[in-house]
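Protein sequences, first through last, are from chains A and B. Heads up, the first sequence is in UniProt numbering, so the first residue is 1 and it goes up one at a time. Heads up, the second sequence is in UniProt numbering, so the first residue is 1 and it goes up one at a time.
By construction, these hints were calculated from the structure, which means they are not laboratory data. Hints may contain errors.
The list cannot tell twin chains apart, which means a pair is met if one copy fits it or any two copies do.
What the hints assert, rightly or not - Taking lysine-lysine and the BS3-like style, the derived pairs with C-alpha atoms no more than 27 Å apart in a straight line are:
| no. | residue 1 | residue 2 |
| --- | --- | --- |
| 1 | Lys243 | Lys288 |
| 2 | Lys302 | Lys137 |
| 3 | Lys304 | Lys288 |
| 4 | Lys238 | Lys252 |
| 5 | Lys288 | Lys79 |
| 6 | Lys168 | Lys304 |
| 7 | Lys291 | Lys252 |
| 8 | Lys243 | Lys291 |
| 9 | Lys241 | Lys291 |
| 10 | Lys243 | Lys83 |
| 11 | Lys291 | Lys302 |
| 12 | Lys100 | Lys46 |
| 13 | Lys83 | Lys291 |
| 14 | Lys83 | Lys235 |
| 15 | Lys83 | Lys42 |
| 16 | Lys288 | Lys252 |
| 17 | Lys335 | Lys355 |
| 18 | Lys304 | Lys243 |
| 19 | Lys302 | Lys241 |
2 protein chains.
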Amino acid sequence: MSASALKPSKLFHFTGLSSMYQRISRRFASKLVYSEYGDPIKVIHKEKEDVLEPETKQVLIKMLAAPVNPADINTIQGKYPSKPPLPAVPGNEGVGVIEKVGPEVEGLCEGDHVVPLTNNLGTWRTHLVLPTNNILKVPKNLGLVEAATLTVNPCTAYRMLRDFIPLKPGDTVIQNGANSACGQNVIQICRSWGVRTVNVVRSRPDIEKLKSYLMDLGATHVLTEEEVRSTDIFKAGKVDKPKLALNCVGGKSALEIMRYLQNGCPIITYGGMSREPVTVPTSALIFKDIKVRGFWMTRWSKEKSDSVERIEMFEELISMMTNNDLRGPVYEMIKFDNYTEALMNTMTVKGMIGKKFILDFS
Amino acid sequence: MSASALKPSKLFHFTGLSSMYQRISRRFASKLVYSEYGDPIKVIHKEKEDVLEPETKQVLIKMLAAPVNPADINTIQGKYPSKPPLPAVPGNEGVGVIEKVGPEVEGLCEGDHVVPLTNNLGTWRTHLVLPTNNILKVPKNLGLVEAATLTVNPCTAYRMLRDFIPLKPGDTVIQNGANSACGQNVIQICRSWGVRTVNVVRSRPDIEKLKSYLMDLGATHVLTEEEVRSTDIFKAGKVDKPKLALNCVGGKSALEIMRYLQNGCPIITYGGMSREPVTVPTSALIFKDIKVRGFWMTRWSKEKSDSVERIEMFEELISMMTNNDLRGPVYEMIKFDNYTEALMNTMTVKGMIGKKFILDFS
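Turn these sequences into a full structure, and let the hints steer you where they fit.
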């Protein structure tokens, strides 16, 4: 619990409220809010709010860190299919510390680190009161960055690798946009499972630096979009042909990774950075039995909110992270007060490896 | 057994062979053969052959009728992924009558009507000797045309309706190329199951005649490619949104039928008449969870050659046919001697409802 969270609210002094109860319960809390969809820089503002007391089976969480994801930007712009009712607090994931437990709470204590699990509840705020069935307790030796970014990218990578075709050690996965936040998770989870990865990235001036970075994460091969077209790694038997293709680009790039797939295998689309659709040759569908699917973590989480698979997934991912088999993203912490900087950077800066900007509430 | 099949072969007289055995076993049989891939008119020739005696667990079949399918043409041209070793006898389906049963044959008698089940065995021949596990006995009240065209189009339609999503009475299927041989089977099988069909066809001068023909088969709605773009049948609640889309066209047509699908539902490609690929919007894959698949009857039949599903499928289809719930295609019988006419017509004539040219061995 940080000291600042206990300071009496300035608002409290101005309005002159004075009962003992309010002296204790009203504290310095704030949140980001938007009341219309639009340019995040324009529609989002910060406002103070009362910190509520946790009720039965609820806990009061003081947020520690919450990332700005591209999907958050799209949601605020009104371009995302998942539209929260307005006014809304943005933010879809993060990590906090329990500041107070309500009555009848079991298995959670003050000081526990927790990750909110419900979609669209709004994590860009200093304090949150949540029912205990909507949060995941995480070990304190889990890094704050890893905890704050647990529920979107690592889970997306994990589910795409688990849910579409069984993979065993020695099998190959091919992916484009391999330097994306999700792509980096794919590389590391596969390495941990003994699965080989062929990673496709756009060429760029610092391509060798990017290749080294991804090889260091555990990539088996890293190829540019140009190189993958004429590569002999499959013919030469350096790796088996892929059993799974993961696509976050679309267009020609999707076609290139699709054509190496073994017969009967799936290509999963989870993004469309080129803004071009996925084009599938008729013969690939009929004669190669290529299965073209999409994946959306938000839907999976809703459908499987109380499932054993979800618990197993978090356990395995957290175990990989605390064993240093799975690193959090390259990131930059930005003080909550400077949230516009985090928004601007997420919208404009295209780093080599997709740096994550994380709001820091300390 | 037709009288002509018992005539001594002319070849026999020319070569002067005279043993009693040969007098009985050599008979007037002939087959089409090609020894190189290419233009069917040029590479196919007819040749005489000996009729072999059926051995243990074999039967001698005199073919009655065998259709010329577009896939046969592509196979002869070398453009089909399923390449028989050369020289090969073309033809993939047909119906015959058992002329003689070999030793240890059970459950089959002379005079039984049978349909060969193995792929690429070559049905464009007057006689065939086959092991009994490679043939299906069909009832004599099954029409010759229905029997001769049983294993490709009705089975393709049936499997696509059975294997990708459960359909119940009142559900909707949407398909393009609805006037194709397979499309007509889709309409009739759906009608028999109480499933509604929205059928898309290209506009043409005799469009009202085509619409009437398909409505008469049991279509719920028939729309041209232009009409389907702006139809209100789904908005107005005339039919539910489709749970299944069947595509044999590709390109824009595939996109049009795909966009009406309910979330989480599949579009199955089994042809590509427009020669354009299937283009899938990224959002349809991620947010609508549209599943893009292909279907190839040849693969299914190989994988499921001895399956219960295969037997059940034939039983249900034959039952529909003998009950007049499922008609064979519009067809024209062409004498075996005039096979080039059947090839030419299949390659060039584009009838309103895809007339099938069937070789007649009588």
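Structure-based check of each hint:
no.: 1; hint: Lys243 to Lys288; in the structure: both (12 Å within a copy, 24 Å between copies)
no.: 2; hint: Lys302 to Lys137; in the structure: within (19 Å within a copy, 51 Å between copies)
no.: 3; hint: Lys304 to Lys288; in the structure: between (31 Å within a copy, 17 Å between copies)
no.: 4; hint: Lys238 to Lys252; in the structure: within (24 Å within a copy, 39 Å between copies)
no.: 5; hint: Lys288 to Lys79; in the structure: between (35 Å within a copy, 15 Å between copies)
no.: 6; hint: Lys168 to Lys304; in the structure: both (24 Å within a copy, 26 Å between copies)
no.: 7; hint: Lys291 to Lys252; in the structure: both (17 Å within a copy, 20 Å between copies)
no.: 8; hint: Lys243 to Lys291; in the structure: both (11 Å within a copy, 18 Å between copies)
no.: 9; hint: Lys241 to Lys291; in the structure: both (16 Å within a copy, 23 Å between copies)
no.: 10; hint: Lys243 to Lys83; in the structure: between (35 Å within a copy, 25 Å between copies)
no.: 11; hint: Lys291 to Lys302; in the structure: both (24 Å within a copy, 19 Å between copies)
no.: 12; hint: Lys100 to Lys46; in the structure: within (24 Å within a copy, 90 Å between copies)
no.: 13; hint: Lys83 to Lys291; in the structure: between (29 Å within a copy, 24 Å between copies)
no.: 14; hint: Lys83 to Lys235; in the structure: between (46 Å within a copy, 22 Å between copies)
no.: 15; hint: Lys83 to Lys42; in the structure: within (18 Å within a copy, 63 Å between copies)
no.: 16; hint: Lys288 to Lys252; in the structure: both (18 Å within a copy, 22 Å between copies)
no.: 17; hint: Lys335 to Lys355; in the structure: within (16 Å within a copy, 72 Å between copies)
no.: 18; hint: Lys304 to Lys243; in the structure: both (25 Å within a copy, 22 Å between copies)
no.: 19; hint: Lys302 to Lys241; in the structure: between (34 Å within a copy, 23 Å between copies)
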